[in-house]
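Q: Here's the letter readout for the chains.
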Amino acid sequence: MSFAAIHIPDFIVQAVVRGEAALRERAVAIVDGTPPLWSVVAANRRAAQVGIELGMAKSQAAQFTGVEIRHRLPAQEKTTHEALLDLGWSVSPWVEDSVQDTIVLDLAGLRSVFGPEEKIAHELAKRGSGLGLSARIAVAENIEVAILAARGLPDVTLIPPGEEAKRLSALPVHTLLPAPEILETLTRWGVESCGRLAALPVIQLSERLGQEGVRLHTLARGALVRSLVLAKPSDNFQEEMELDDSVEELESLSFVLGRLLDQLCERLAARSLSARSIRMEFELERSFEKGLQLSAHADQHKLIPRKFEKILTLPVPMRDSKVLLKLARLRLQSAPPPAAVIKIVISAEADRVRTTQRGLFLPASPEPERLELTMARLANLVGDANVGSPQLMDTHRPDAIRMERFRLAQEAVGGRRKKASAPGEKDSSAARMTKPANGFRLLRPSVPARVELRDGLPVRVFFYGSSGEIVAASGPWRTSGEWWQDPWEQAEWDVEVRFSSSAQKNKRSLNPGSERGLYLIYYDLRQQGWFLRGMYD
Amino acid sequence: MYTELHARSAFSFLAGASLPEELASACAEREMEAMAVLDRDGMYGAPRFYMAAKKSNVRALIGAEVTSEEGWRYPLLVESRKGYQNICRLITSMKLRAKKGEGQISCAEIARQLGNDGGGLICLTGGDEGPLAHALASGGMEAAMNSVQQLCELFGRRNVYVELQRHYCRDEEVRNKRALEIARKLNLPVLATNGVCHALPEQRELLDVFSCVRHHRTLATAGRLLTRNGERHLKSGAEMQKLFADLPEAIANTQVLASRLQFTLNDLGYQFPIYPVPDGRSQMQFLRDRTYDGMLARYGADNERARKQIAHELAVIEKLDLAGYFLIVWDIIRFCGQQNILVQGRGSAANSAVCYALGITAVDPVGMELLFERFLSEERGEWPDIDLDLPSGDQRERAIQYVYERYGKLGAAMTANVITYRGRSAAREIGKAFAFDPEVLNRLTSLVGAWEYKDANDTLERQFQDAGLDLQHPQIQKFCELCLRFQDLPRHLGQHSGGMVVCQGQLDSVVPLEPATMPGRVVVQWDKDDCADMGIVKVDLLGLGMMAVLEDSLKIIRDDYGEEVDLSRLPANDPVVYKTLQKADTVGMFQIESRAQMSCLPRLHPVCFYDIVVQVAIIRPGPIVGQMVNPYLKRRQGREPVTCLHPSLEPVLARTLGVPLFQEQLLRMAMIAAGFSGGEAEELRRAFGFKRSERRMKDVELKLRRGMDKNGISGETQETIIRSITSFALYGFPESHAASFALIAYASAYLKCHYLAAFTAAMLNNQPMGFYQPPSLVTDAQRHGLRVRPIDITCSNWLCTLEKIDEKFAVRLGLRYVKGLRAEIGAEIIRERGVRPFTSVDDLKRRVPRIQKGELAVLAEVGALNRLGNQRGFHRRSALWQVERTARPAGSLYELCDDVEKDDVEEKVWAGNASGNNDSAGSPLAQMSAEERLVADYRGTGMTVGPHPMAYHRAELRKMGIRSAAELAGLPDGMQVRIAGGVIARQRPGTAKGFVFLSMEDETGIANAIISPQLFEECHVVVVHQQFLMIEGQLQNQDNVVSVKSQRIRPLIITSAPTTSHDFH
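Listed in order, the protein sequences are those of chains A and B. Numbering follows this note's numbering, with no gaps: position 472 of the first sequence is 500. Numbering follows this note's numbering, with no gaps: position 228 of the second sequence is 229.
Chain A with its partners taken away, still in its complex shape (with noise of 0.2 Å):
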């Protein structure tokens, strides 16, 4: 029985230069970090060479000529990681998924198929290379001699057995992924390879590192048996598509969204799994795009991505495809990708299927899927930024107001009949009920008006096409804010109108039938008009 272990040195880098096939032969340094703020955090040998070392700064790189600097790229980093068990998996079914930047393959019963294992070893690596990925291969009958050989001997090797010890003993210590502290002692002790770790004696070790100590000297030894760890499919839901034409018009992705949507349920189904949420990511055509950005060089700000995304939260898992797709759809056309489409991919977040024990005598409430249909549908003719509940927030900004997602009764909680009030909760409803409050009608957006002053004082108001006399007036009420980023300045007034008995007959009524009312006007400097932000009941 022998097994392969393969091992992708330099994995970050190699996941960035799998995606940019120039960067080959040149000096790489992979930055990372959160904007503004990027540091190296992994090199390619040439890099080291000439300098760069993993925690410099990116602008302390980019001192370096020669060197070519890129950023981390984590989904990249992934697809590398799928691709190295696709590699594993095109060979042998059974696969062991060590490490991201190593997979271990059970090579039993191949040699029939592939030849002998060195055979099979060189067939690994020329799919790896295929693959874009540069991969370091060792065979051997142990499975941690074959992953250490490979992460610490370059090209393909293979060990005979009984050679495990010798091949290893060249191997530094730190191959051996010891614990930092453990590391530490190791290097004081001046024990720098696998072959003097090996050589202490082992019961002294066990005394002064203990039982994690005998194991790195078994390790070391080349004689730590174990059996595979195989690896599970993967729950990474994920379904992409590249077009060959680009596509602009919803009908045709809608076409193609569906088949993608259709393939991920079933993957779904097959699991026994829904979908809390699903993600369409679009990829946009760059010429088009590029056409775009000229007409807006002047705002670099607003400069059109390169990708469009949507994410479909969903109120309940579901895998219903057709649902899912008519979701998607009412997603698209209140707001539609801004350039054509050149790819798709499309994930799901999995989750466990719904199981609902609805109360007997609870009143009916609407089926998720639907309610979440009618919302779409709402958001659709209304925009997504005004469906929902409103939420006070916590500024001076008079009308500040975020929107949250309505919840479901079950969702809120938790799908069990709800709790009975605290008393304190109680009195203090009861409390809020019996306070006189005045109730006041906001206004969104605040209505343009017109406002005569006189002496500072607003004496005049203009609103709805009619006019109003202000006989009394309370203000100005200044609130400002937000310097920092998108400051507003407002002078707010409170005032009783008076209209006349025809002014009455023409203006839209938010006090029908009165000839006067309390409005809230405001002054925006920023704008620097007036309008009407609502009225006092």
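Hints were generated in silico from the structure; no laboratory data involved. Careful: at least some of the hints might be erroneous.
[Claimed, not checked] Below 27 Å or equal to it, Euclidean Cα-Cα: the simulated DSS-like pairs (lysine-lysine) are: (1) 338/A to 371/A; (2) 479/B to 86/A; (3) 86/A to 433/B; (4) 354/A to 335/A; (5) 147/A to 194/A; (6) 371/A to 106/A.
Following the hints, put chain B in place on chain A, whose structure we already have.
A: Just chain B now, with coordinates in the frame of chain A:
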């Protein structure tokens, strides 16, 4: 007319956004006659507001917002001196019983302090945070009524004003309505204020950022903690009248109340303590007696010049009534003498023969012809300033505690040090408010202000760009703008390193006191400049590392050499010392050890004490910027004729070869050339000093010209004299100060030359200090033939000590140099070792059980445990092998068993019939190589006592054509050379036009390299980050000053040992 009676300055720490000076000038611009600043729980900004207001002809009214136990703040205004004393005491008592930065006051305490008549304080009902708003919010109208009535009871009905503020907010207007109702019912006057938090409207942004800092929020999440609008700036009378058009009495009352507030800070009531004089004599008589006693000892009976000078000085002291001050300083000196604490006065006090006679200073001002008026003059009307240098550390603390004890806890306090926002702190705090990622913040703060020299590109913008910020982004632009506006705003109050103020009676009635972070210390709320402005006498008790080194050296010499060295009686012209100075072999010597000093010493070629005085003063920004250094050195070397600006100035400039080098010379020049009096000359210095003002400079210059015209000095000569005076006054070093420092420099040089072992041990025991890091001090001492022994657990003490080997002294490194070893563990090791020697690592662990594995490992790694092995060949790795086993808990099952075994073994060892634990007999680990030992030494102690890292590679380096540092002196000027070494210092001085100076060390000495700005730009990363460098360039060897003008710089891989350098930022 309107007077603003409720304003906060930035000294309300994060609750106000304008400096007191900005408030005062805004007040003057709005033609307001007076204004009151009420900072939170303190008088922090009061002196600065008072001084600034005085200049702008604004009456500075004083008060404070005092926090109550219930959470509101009483806005209190000071009506009379009694009121001021009361508020100071109230604040002091609340501060002293709480933690730093906290404190509240109770009603009962106010009542107790103020008595029945309101105690000279006026109380307002306050704005958002006042008692009225608090009561209305919590209990409605009835509670508000009770609250105001309570204020009337506490402060007296006629001392309570119902405060109305209008910031265009509905809630506030509701409160105003209630307040008016209460005022009417209780028949109290109403008062309009604007609750000012900043002088100008645009400063609201700073206030918002401060709110974020205070509440640990970001601007995005602070919500309603930020201001509702920008209305809290200082408004003019007309604006306020318009705002309160419906309540004219509220405006009128501001004038009425302002006229009641008669107290200003010139009426502080401060008195200097009276020195208790025996026998009923006057303080002056006592001082006179002490001075003449001292004069006899210092000058003998026949020195007529000294007698005359002392008589003159005593007359001035008597006239200014300063006898008590001198006696108090003399008393501190006497205490130090009794306690064997080294002390020496410095600064302008060294100009006084009285100070010299009293033993306060050690420089003879008569012999050196120093100018007394630089220290004290009748015209100035200021307290003199005496600074005392003490050994840093415990000895200085003893002197400070003596002053506390002598004048009582409320009679003496340290002056404060106002910590202000600078580039880094501002960028960090504002960055946090802007919700920048912590990594961005770290990068930003590490980039801001890296070097002393700023080239044209080294702007804040460039630094932000380097940190990866997009300067085109509007938000980033706002961030940069705020960073600039944040500069100099107060951040918090620290403690000044040595300034102490003392007072006759209760200091807490002069200025509020606060607890300092350090236990047993009390701090006043003003910094030393404020104290000086307010006429409070200050004595600086400064800690000087070199004083501690001198003191420790003397002790070591006494204990180990068995000799007694008296610093005041050192041989005056020791040839060895001068020879050493001439060679610039001055590593470790006080003030003359830096690279710049070393490059000057061979050219100056000191031969007497005065040359050292010049040497100390010449490498300063003044002479360098004023281009005095080269002319002086050339004249000294006879390469330039000695000329004088004017024949009449010859007596003044003769001893510095016609080149003005000291402040005193400028003053004397003004006195001779323009006929200034001593006091006027000092006034000139101040006019051009740090707090310079254009108008004052112009006035003085005019006076100078008039005086010179009168004395017949005109034309080019006049212009030259004016230029040299004006360009030099700011940066010049006082001769007296230089002389005091030169004494210490001479003493340090003498001790290093004659008692190298003692001096080196003392230097190592007082780190960090000076220009060089411990490894360089050790290497230098080794080059001078001193043996330095490694740390050894069987004989090292906590500090470095001396050992005698072959009749010569060697330094044994102390355990303090073991990185990560706790002092208490070190003490435990030494205690246990005193009981009986350690026999093994196990024994050490058992007897010092609190020692941690990490500590043991470092000890083993640096070889400190080598002698614990009981057989030959026990090396560092053997110890490490044992440490790992010893430190590992055996587990409950084997613990007892192990102990029994270990005890058995130990008994056998003591009985001499076993060689210890079997396991300790050896280890399977290989011995460390030389490079590994080097790495371990640097990692574990920051230095090595073995060969310098460069020494291991000398043969290879020679093959590469690299010269050693020692070789360079013998090579001709202009030769192309290649040098290499470990960088021990990097400097980019502000005065050097962007040039970078590197000091590189090898086993033979230190080589200096000069890097041009262009080359630095090219090799920035290598120069700043590499530990070892190879530099090619042209050798400059002039007058025995050797350096290499760099042309090519390459990193050199010598060792992976973590060596360090001293980089000057």
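Q: Next, verify each hint and record whether it holds.
A: Going down the list of hints, with the structure as the test:
With a CA separation close to 14 Å, the supplied pair residue 338/A and residue 371/A stays within the 27 Å bound. At roughly 24 Å between alpha-carbon atoms, residue 479/B and residue 86/A fall within 27 Å of each other, so this suggested pair holds. Simply put, residue 86/A and residue 433/B have alpha-carbon atoms about 22 Å apart, close enough for the 27 Å limit, and the pair holds. At most 27 Å may separate the alpha-carbon atoms for a hinted pair to count; residue 354/A and residue 335/A meet this at roughly 22 Å.
With a CA separation close to 23 Å, the supplied pair residue 147/A and residue 194/A stays within the 27 Å bound. For a cut-off of 27 Å, the pair hint linking residue 371/A to residue 106/A stands: about 18 Å separates their Cα positions.
Comparing the model with each earlier hint shows no violations; every hint is respected.
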